[in-house]
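Protein chains in written order, with the numbering used here: chain A, 1 to 188; chain B, 1001 to 1304; chain C, 2001 to 2244; chain D, 3001 to 3808.
Everything labelled a hint here was simulated from the structure, so no lab data went into it. Virtual Cβ for every residue (Gly too), placed ideally from N, Cα, C. A couple of the hints might just be wrong.
According to the in silico footprint, chain C covers these stretches of chain D (three or more CB under 8 Å from chain C) [stated by the list, open to error]: (1) 3420 to 3430; (2) 3693 to 3699; (3) 3720 to 3731; (4) 3801 to 3807.
In case you want the letters, here they are:
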Amino acid sequence: MKLDRRSFIKLAGSSAACLTLGQLGVSLAPVKAYASGIKISGAKEVVTVCPFCSVSCHVIGHVKDGKLVNAEGDPDYPINEGALCAKGAAMFSMTTGKHRLQKPLYRAPYSDKWEEKDWDWMLDRIARRIKDTRDKDLILKNEKGDTVNRLESMFLLGTSHAGNEECAIAHQAMRSLGVVHMDHQARI
Amino acid sequence: MKTASAQKKVDSTLESIRRRVPAYSELADRFGPLFMAEGKARDDLRAKGIDAPGLDTARLVAGVPLLVDEDLSAWSEAFAASRDAVLPTVVDVLRLDADAAGAVTAHLADSANLVGLAQARIEGNRKHFENTSVQLGIEQASSLLYISEVVSGPVLRAMVDGMGESLSGIAWDRGYCPVCGSSPSISYLSPREVSDLDQLVGGGGKKFLHCSLCGHDWRFKRNACVSCGNDDNQTREVFYVDDVRHERIEACHKCGKYCLNVDLRECEPQPHLDVVQMGLIHLDIFARNSELTPVTPTLWNGLD
Amino acid sequence: MPKTIFVDTSRCTACRGCQIACKEWHELPANKTTQYKWGSHQNPQDLNAYNYKLVRFSEHLENGVVRWNFFPDQCRHCELAPCKELGDVYLEGAIVRDEMTGAVLYTEKTKEFTDEQFEEIRQSCPYNIPRRNPETRVFTKCTMCNDRVHNGLLPACVKVCPTGTMNFGERADMLKLAESRLASLKGKYPEARLADPDEVNVIYLLIDKPENYHEFAVAQADLGPMSKKQFLATLARPFKAMKA
Amino acid sequence: MTNHWIDIKNADSILIMGSNAAEHHPISFKWVLKAKDAGATVMHVDPKFSRTSARSDFHVPLRSGTDIAFLGGMIKYILDNEKYFKEYVVEYTNAALVVGKEFGFKDGLFTGYDPKTRTYDKSKWGFEMDANGVPKRDKSLKNPRCVLQLMRKHYSRYGVDAVSATTGVPAKDLLKVYENFAATGRGDKAGTVMYALGWTQHTVGVQNIRSAGIIQLLLGNIGVAGGGINALRGEPNVQGSTDHTLLYHIIPGYMAMPHNGWQTYDEYVKGNTPVSKDPMSANWWQHKPKYFASLLKAWYGDHATKENGFCYELLPKIEKGGDYSYLFLFDRMYRGKIRGGIIIGLNPMNSVPNSNKLRKALDNLEWLVTSELHHSETTDNWHRPGVDPKKVKTEVFLLPSAHRLEKEGSVTNSGRWLLWHYKAVEPAFEAKPFGDMFCGFMGRVKKLYAKEGGKLPEAVTWLDYPEKYDPDDLCARINGRFTKDTEFKGKMYKKGQQVPTFTALKDDGSTMSLNWLYAGSYTEEDGNKAKRRSTEQTEMQKNIGLYPKWAWCWPVNRRILYNRASVDLNGKPYNKAKAVIEWKDGKWVGDVPDGGWPPMATGKGRYPFIMHKHGFGQLFGPGRQDGPFSEHYEPVETPVTKNLFSGQLNSPVYKFVSSDMDKLCKPADPKYPVVLTTYSVTEHWCGGGETRNIPNLLEAEPQLYVEMSPELAKEKGINNGDGVVVESIRGRVEAIAMVTVRMRPFKVHGRVIHEIGMPFCFGWTTPGTGDSTNRLTPFVGDPNTTIPEFKACCVNIRKADKLTELAT
């Protein structure tokens, strides 16, 4: 084994060593003319995970100009090996479908309609609601006099659609508030 | 990709190149006969049977290709057969002047010389080509290198064809060929796998690199640059002609290299991977204009 | 040599990937479907102007064991297509056959056929395939993705199939594949057969009696001593056509 | 899953029960069929013939809710015919342990039952201890009070006749499954069990799975390649969301939620840390204080000190024995005791039982925050059909959420693999990840408390909580960090550096970790292992399809749990052809072993079931609420009046609430003679919100249907495609009849019982498609998990005079 990688690929890897069509007197003019008339554009390939069942098939999303244009099974993930089921294959339409919510929506008490609001307005109001509820209802001691610090009147439901990191901070947030009613798809 | 007949594939690929983009007709006319001659030589050698090189796992694990250090004179008969089948066409295609043609033909008439060039090519011994060119009075060493590659090609390809399963079973995740050490001239995404297994079959799409010299195809990570191994989503990009998504440039903006890629899941019939490159020069032009350089320089992507 | 689709129903799981991929490639709108007076997983109920491809579901009990058969139905692209033969009688060139791919194609010109002529042409099809777009009046059915095939691409339904049910290639290669699959399945499924392999370019491998898939899984069988080819040719004769 | 998806291919026998894998985990079926191709038998036991049945070797229809009878029969078969793997059973399970004299079982009840509280006193089910406090063992298995003998006695009642009369499965079909599966009770064969919601959604859900656990332990199928108990977890990240715990009863890393009985940190630690006197038992949970302290340290940062019990006292404490799951939450909401809350990525108004009650209950909220991709029956409950919005007081916030492709982060698949997904595109419109929402309002709440004060403000203000959602940083925090410069295994780590593994965690405040199970996933040495994509493997690993360098798997990258049970006492694999681990030249090779101790025979080993106090696989499981052995009880709504195995018709401890809307029909109620089961549809995703909005998928499955046998259809004068009304005591639902031979009548207790099946993916927000099937189902729950009984209830069905919910 006297050779290292550099030495045995230096020939193949050196363009100086390579014959060109020009040297053979072949004209590339027609091909160049053709090439100047076609439109070529770039796309990124991003590895992600199918959002349906827990086989967690890997998916390669093709993203062009910031938009998903195609999704295919990741052939390297040893479980799905490039295959996708019908739902996974429809992921493209699901992400881009018309049914997506566009803006935060607010429904006032006793109202019969949604109103569009911005995120900050919504979050400010939600924070206020949470704090008021907690300040009003937090149970510091139970009937026996044990310290319990429970906020029984507020709850969190969902979701297994969240990532691990989201679940971790959701749990932490709820416990700090005293929330004990907490549940999601694992129980149904 | 192995099929019963290399010639049949060459033929249908040439036809498809001509039909799709007439601008390639001149190239197809000129190089078609050479591809056919190579295909025939390969088919004939394979039909006759050809010895396989030894498979040394320890060497492979260390990243050393099979044919490095291998004494190729054991195959000198096969090299001679390939020479006889291919050389006249090469000389013709290259439009070598009579003196040079005569000198090359005479030099290669000795199988030892033939094997010597093949060995030098695999070992990356450029000096040998330069020296021999001077001796033979050929202007450019690159011509001799090309001739050597074209003559060796059918032998090495037949060898790879013959090794079949044993070769596909080896673990190899490098960007150069486990058989001969060359870099890939093109890559492809594998077609759907239909086996006798009654099941959801693999969706295909596995990336294989196609060796520029011996034609061996080896599996490579789908989401990594062939040249530098970069697997970051943001710095790699694929380019294709709008609506022709199955023929593409896989570019790495980190190392500035690109490699062409054909998605065989979409193709029927399946193209010959060496021939198909000749019909994709428009992609090379785009890549070069985008300041990218090919992973492997070939006759097709030099662009001058 | 024409191209052929080989449909191996023994592998089909009725995932309907082909049905949906076909709609997406041809940009066909969704039909408003209901289960009322229908009650089946087969939706839409039949081929129509917006579904060139439909997975048919069929089930029955056999010695207490459920047999559930799936049949991805589409045009067979007949070697000698009765619809074309008959169509040519009225309006030559409205229905054409692409000699390179073997695809039988309905052109824009088909909108000129009268309703009666459409009905006759539909009747002439042994597989009940032709439909008509009520708005444009153009005849509709599977195109074998002829445009894709000319570009060296697989038909959309074949490309998407995750199970190996849908296969595409040279007729000789597909016949070979069909025969070998048949041979390996014959032992377990004595009823296994290829549906009309000599007459069509979309060849189905069935593992149950044809009537257990769909009324038109194979061309009608009771043709007497005539070969199917003769029968199809008869259908296409002007006299016969006018009488029908 | 004890094992993982690829491992299914190693099985010799596959029992799919309570799952429709081919339709709902299609890619998993690839590995099932790989096993089948290699000669495995694939058996599908399920009320309905589905595409899974069509691709299995055979299908056995079984009446919903009788799985324990079916499996109890198998346990008896295995014991009677000595099909169990003796060495494994003696050495690695608690078969040889002697149970205390107080334990007994009589007419459907275990000892310790209190009918007033409907609970068991589980202390009656303990083991007998020797003088050193180590459980007594009789390896001859002759002691009549050893677990194996008690088990023999317990399941002696599960003869084929009684099982057949209960389940509706003919005796020959029972035996076909029993024989085939029991044949794996030897070292060189493996059988796997694949189950899903068909097992969990019963009032005996946990015991369904326990029964399979008993079978797998008897057959020596746990810890081996091609074996295990494999829950095909349905939802996208339900493994990860359980590990990181969006549940009331535990905190991250499977530790108990504090209750009022544990007032201080020390009390919690004492009450939660098991002690084993057996030197051979690893008793892994003895380390719990380190994991707990590190979690609190992660939550409260510098404020958490050893002196203040790491802020333990700030935490909420549930009431001991209290239940705060959906069932009780919605009941309290119905009674007006809940003021507000958050529902994200979930549609309970469609997918939780007794929808009529739930929908009313939701009206009682003052405020509701939702975050979804699209409108759902939950977000829009305030204007549901038949309700005047002007009378609904709830203030509703609906935040557009980002799809998985629109955000990065990690998820955990069913095989416990931690997988990173990259962001492919920016969130559509104004959508944001859930993480942004949590950080968004928590930051504000913290500020409000800092400014205004309020009740117990330091529980919020002291929180070490991210201001901005940063998945990569959080992923690193989940792994855990050193909070001061520390030496571990000869290496110096700086404060703030990643801990290399969970054995580095301490209970002195020098480490923090949001989840000890994930410690080792994101290290200084290797970075974020969720991103690893190497298929490198040794020959031994390749042989059974292990990919140790693809991503990472908890715990400590162990791909097959309890794998030390796959080798004999000398560390040699029972199945040499499919070895998982092996003791070779003084070390373990293959998978990461369950602890690195040498083999048992060296005397320095540990029993393989390290998460159990005594180290044994639990044939006898004294920790469950409803008994240490499984026992058949009828579903709460049942078409029969008696239980052939005991005088106890239903589970004596199932959970329920009793509002005016929680009606249950009486056993064999003539008004509701038909059994209903519910399930998913391939073309739609769970409650259907996403997929109902995809026109081509809706075209393929457009409307709510009910699958019923031709025999029942004839009896009821219903034709295929007719509009029908399905009614339970709780509600009525319109559907279209789908008359199919894939549903078979059952012969039960000597008479014919019909079962029908309905999907639950349609809702009123997609007009004309139908509305919640769960208006029919009862909200009664398993005593251990409170998972509701979706899979079996009683209804009637009749032809509809007119249809209002369905387009015609």
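Right, here's what the structure says about each hint:
With 0 residues having a beta carbon nearer than 8 Å to a beta carbon of chain C, the segment 3420 to 3430 of chain D misses the requirement of three or more and the stated coverage is violated. Counting residues of the segment 3693 to 3699 of chain D whose C-beta sits closer than 8 Å to any C-beta of chain C gives 5, which meets the bar of three, so the coverage hint holds. Residue count for the segment 3720 to 3731 of chain D with a Cβ under 8 Å from a Cβ of chain C: 4. That meets the three needed, and the coverage hint holds. With 3 residues having a Cβ less than 8 Å from any Cβ of chain C, the segment 3801 to 3807 of chain D passes the three-residue criterion, so the hint holds.
Violation of the numbered hints given earlier is confined to hint 1; every other hint is satisfied by the structure.
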